[in-house]
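K.L.:
What follows is each chain in one-letter form.
Number of protein chains: 4
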Amino acid sequence: ELGDFREDINNIKPEYVKSFQFENKLMPLTWIVVRIDGCHFHRFSEVHEFEKPNDEQALNLMNSCAVAVLEQFKDVIFSYGVSDEYSFVLKKDSQFYQRRGSEIVTALVSYFTSIYVMKWKEFFPQKELKYPPCFDGRAVLYPTSEILRDYLTWRQVDCHINNQYNTCFWMLVKSGKSKSEAQAYLKGTQAREKNEVLVQQFGIDYNTLPLMFRQGSSAFWNKEEKTGMYENGASAEKSGKKVVVEHCNIIEQSFWEAHPSILNEKPHMV
Amino acid sequence: ELGDFREDINNIKPEYVKSFQFENKLMPLTWIVVRIDGCHFHRFSEVHEFEKPNDEQALNLMNSCAVAVLEQFKDVIFSYGVSDEYSFVLKKDSQFYQRRGSEIVTALVSYFTSIYVMKWKEFFPQKELKYPPCFDGRAVLYPTSEILRDYLTWRQVDCHINNQYNTCFWMLVKSGKSKSEAQAYLKGTQAREKNEVLVQQFGIDYNTLPLMFRQGSSAFWNKEEKTGMYENGASAEKSGKKVVVEHCNIIEQSFWEAHPSILNEKPHMV
Amino acid sequence: ELGDFREDINNIKPEYVKSFQFENKLMPLTWIVVRIDGCHFHRFSEVHEFEKPNDEQALNLMNSCAVAVLEQFKDVIFSYGVSDEYSFVLKKDSQFYQRRGSEIVTALVSYFTSIYVMKWKEFFPQKELKYPPCFDGRAVLYPTSEILRDYLTWRQVDCHINNQYNTCFWMLVKSGKSKSEAQAYLKGTQAREKNEVLVQQFGIDYNTLPLMFRQGSSAFWNKEEKTGMYENGASAEKSGKKVVVEHCNIIEQSFWEAHPSILNEKPHMV
Amino acid sequence: ELGDFREDINNIKPEYVKSFQFENKLMPLTWIVVRIDGCHFHRFSEVHEFEKPNDEQALNLMNSCAVAVLEQFKDVIFSYGVSDEYSFVLKKDSQFYQRRGSEIVTALVSYFTSIYVMKWKEFFPQKELKYPPCFDGRAVLYPTSEILRDYLTWRQVDCHINNQYNTCFWMLVKSGKSKSEAQAYLKGTQAREKNEVLVQQFGIDYNTLPLMFRQGSSAFWNKEEKTGMYENGASAEKSGKKVVVEHCNIIEQSFWEAHPSILNEKPHMV
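Chains as they are written, first to last, in the numbering used here: chain A, 828 to 1097; chain B, 828 to 1097; chain C, 828 to 1097; chain D, 828 to 1097.
So here's chain A without its partners, still in its complex pose (with noise of 0.2 Å):
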């Protein structure tokens, strides 16, 4: 038997197999976003029943998951998630996987899924994890700082003008509505109409709800914190390097200037 095994290892060149795989390389000097976002999702809440419109545990757990993220990958230096999506950036001169797309992606699209099986205990501990979550990804490249933070700006654009529609659309089905009733009744509304449904039906005041539903979540090297603030702090603590999540405005010139080194961009001159 083994004969005839030893004959096929003779006849197969690797070579050839190999010649199938196809580079993905991605372009040097270039900002590389990774972007998550949870399969089936809207199904995965609905079994796991998650508090609607917005689950505080489920985005702490998605945050945790950030968090290992950013300490396991070290080139991940920025990342912005709201829902059920998460973007990483990793830094444009990033030389992980030599910059081979399919393994960068798929490593941390799997890291992160572990986390979020393995911590899912931790902030849910009386609810049992029913079915094996899963998420996809991509890569997109971004030649310039601005144009990356252009990309950034449009995530939490798109953060804000979901939770207030998701809000809204929430507290009308929670009041008796249907579904299909408060989409109807949501359809073609302004920002501003929205509003003045939250405050004058439910009298909520959008603009007091938790900023991590409003502005989503950053998580972050946070390498400009004092050292010196921390007496008995461990060694990155000390070093004042650690993984922040922060729920801030990241489309404002301030974030970026009060955190320079994220990009790496000298602090603005005055």
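In case anyone wonders, no lab produced these hints; they're calculated from the structure.
Just so you know, these numbers come straight off a predicted model, no measurement behind them.
Take the hints with a grain of salt, since some may be wrong.
If chains are identical, the list can't say which one is meant, so a pair holds when it fits in one copy or spans any two.
[As the list claims (entries may be wrong)] With a Cα cut of at most 30 Å, we get these calculated BS3-like pairs of lysine-lysine:
id: 1; residue 1: K840; residue 2: K1021
id: 2; residue 1: K1004; residue 2: K918
id: 3; residue 1: K957; residue 2: K1006
id: 4; residue 1: K954; residue 2: K879
id: 5; residue 1: K1068; residue 2: K879
id: 6; residue 1: K1021; residue 2: K845
id: 7; residue 1: K1006; residue 2: K1050
id: 8; residue 1: K840; residue 2: K1001
id: 9; residue 1: K1014; residue 2: K852
id: 10; residue 1: K946; residue 2: K901
id: 11; residue 1: K918; residue 2: K852
id: 12; residue 1: K840; residue 2: K948
id: 13; residue 1: K1021; residue 2: K1069
id: 14; residue 1: K1014; residue 2: K845
id: 15; residue 1: K852; residue 2: K954
id: 16; residue 1: K957; residue 2: K1068
id: 17; residue 1: K879; residue 2: K948
id: 18; residue 1: K1006; residue 2: K879
id: 19; residue 1: K840; residue 2: K852
id: 20; residue 1: K918; residue 2: K1050
id: 21; residue 1: K901; residue 2: K1021
Got chain A sorted already, so can you dock chains B, C and D onto it with the hints?
P.N.:
Just chains B, C and D now, with coordinates in the frame of chain A:
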């Protein structure tokens, strides 16, 4: 505050930011192979004290993940695994994710990872999962079923070569040699010589070792089974469709003739 | 001055600049079709007063360029042209330019263009070439000969549809209708109706028009010719190898059965 | 016969055949460089008896083709040529062919080739074009103007190194050495030594050789020219816009400061 925000909304054009996304459609009517590999599983297997050269439970866990992938993603029609790698074959006319490569690969890798973590306790009831496992992946395309089979042959030949080497290597190490001594001892030996080392020094007939170690594992839908055999089976079993794991020779023509539905080729006429 | 220059030499690392080049290898063992199209040939044909709907000499020039391409690039095993487009098929195991797509396509387009300009006077002795003709091109891959033939069928069907329409259109225009009137007249007509227009209004039996107009042109190496026929032929003719241009039906199986060497398929057994 | 044909028309679905076309969009807002190289120009220059190491008329013909390319394709904003190669830079926001790489590269290569053949007689009135010249090409992307300038620097440094070598080589050959003797003589010599060979053996001061040979040729729109100078000029000249060919140092900052409109960067403030 919101006023500024709304201005940003007007300024950002999603089409512009989206235009940086690049298409990665996989060629139509071509076999897609997604190969998954454990990231740094050398370390992972040490930390989790996997048996050397083969940990039966670790392999069973991998196989279990592969079965779940086949059950979840209906376009996957065959898979072959060895050690910490698994190759999934999608049918050539698959329209999964409209054949977008990133999405296909990440969804499979993520689902596989999810199962791996969720089922860990089932396969290692005594061992804690000490840190998150991570897999990377990539897609390769093969234009014909002949070349696809060349790929699978290559993987099974590799399984054989690696397993024979590893079996010798670890027997030598367990018998007292250092790792570098074992490596030096085996350097340049042929298959026949390695078999002789096993027989003469350790009384092991290589060909009697478990098939799973020598030939790897194939997971696939067994559509050829007689359905009448199952009297009280579940519906899947009733229809004779069930994902099975076998440790067979997939190099020889006979396997593919016995399972013509996998590559959807007509049975060989006699 | 040179001193500065030499410093620059030391500072610039070619590997860094070259790293931006991206691979564009075409999948191995897959049929490569390079399709060339005239750029703005609507205007080119007007300026050079090509006959409508078909200018025989312009088509002969195109065919002559195609023959030259086949003679120059040995991996091109078939070509099909109609109007200002030409498709070149490279054998599936071609290693031309190591299958780098850009180089393959540009070399063919450039050579085609070169011949077009050089041979212009031969085909249009009375007409000056008034401005430089320009062609663009692209490569498409087909995994099997069946799909390759589907591509060629598509092009020949297109030839037929366009030629029938154009023949009607220009007869109507020549008979006094304006272009927009002719367009309106033909809108929505079926093949049968167009043929009736030709017969009844202009006494033209579509099926008697030159084959080159109705079926386009195929240029290929005729290896099937009897070699004994040529007594004093050149060496190429002696060996029976010569690029021929035929205006045949390449949709039907019979053409490919009569020329089995083109796709290197064994002749159909009876 | 047509009946069969019409049946085929119904059977072939263009969408299916077209689905094999793959997108090759070039990243938005990124500098596109199309580099054209002569195919086998070593032989071409021998057959056409080009002077060695530099044939002034052959270079002038190349430059003339480049000027025509800039005049024809408005998105090309700079070009640099040396020997049988020419690099064309497209503005970073070019939408030419919707940034489809194949089409952009082939159109430029084809047009360049067309001009080369058409203008041959103008530059070589005594020499017949003995066989069709052919060029290949490829696109490379550069994310920032700094890296684009690194690319151009690399090409001009290469021009310098090659020209210095070739000048020595051909002087040695003309003085009686065989080609392999000349090669052996120069092996491992530094720039300084090559200059000494030229001065001491041949009385040639390298720095007095024509700039075109030493620095290559840059063709670009000179928008900075004073427009008042042209009293009876054509409209293009009146507006001060004209493609010029210069043999200048494009490595130093001063060139780009003197021509800020090329990369559309604001002039350096003093």
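K.L.:
Determine for every hint whether it applies to the structure shown.
P.N.:
Quick rundown of the hints versus the structure:
1. K840 x K1021: between (65 Å within a copy, 22 Å between copies)
2. K1004 x K918: Neither. Shortest intra-copy (47 Å) and inter-copy (45 Å) distances fail the 30 Å Cα cut-off.
3. K957 x K1006: Only inside one copy: K957 and K1006 sit 25 Å apart there, 44 Å across copies, limit 30 Å.
4. K954 x K879: within (16 Å within a copy, 37 Å between copies)
5. K1068 x K879: neither (35 Å within a copy, 39 Å between copies)
6. K1021 x K845: Classified as between: cross-chain Cα gap 27 Å, same-chain 56 Å, threshold 30 Å.
7. K1006 x K1050: neither (46 Å within a copy, 43 Å between copies)
8. K840 x K1001: This pair counts as neither: shortest intra-copy Cα distance 64 Å, inter-copy 34 Å.
9. K1014 x K852: Result: close neither inside a copy nor across copies, 43 Å intra and 35 Å inter.
10. K946 x K901: both (21 Å within a copy, 29 Å between copies)
11. K918 x K852: both (15 Å within a copy, 24 Å between copies)
12. K840 x K948: neither (48 Å within a copy, 40 Å between copies)
13. K1021 x K1069: neither (38 Å within a copy, 51 Å between copies)
14. K1014 x K845: The answer is between: 25 Å across copies meets 30 Å, while 53 Å in one copy does not.
15. K852 x K954: Neither way: K852 and K954 sit 41 Å apart in one copy and 39 Å across, limit 30 Å.
16. K957 x K1068: So K957 and K1068 pass the 30 Å test across copies only (24 Å; inside, 37 Å).
17. K879 x K948: within (20 Å within a copy, 32 Å between copies)
18. K1006 x K879: within (13 Å within a copy, 57 Å between copies)
19. K840 x K852: Both: 25 Å inside a copy, 19 Å across copies.
20. K918 x K1050: within (15 Å within a copy, 37 Å between copies)
21. K901 x K1021: This pair counts as neither: shortest intra-copy Cα distance 41 Å, inter-copy 42 Å.
Of the numbered hints stated above, those contradicted by the structure are hints 2, 5, 7, 8, 9, 12, 13, 15, 21, listed in ascending order.
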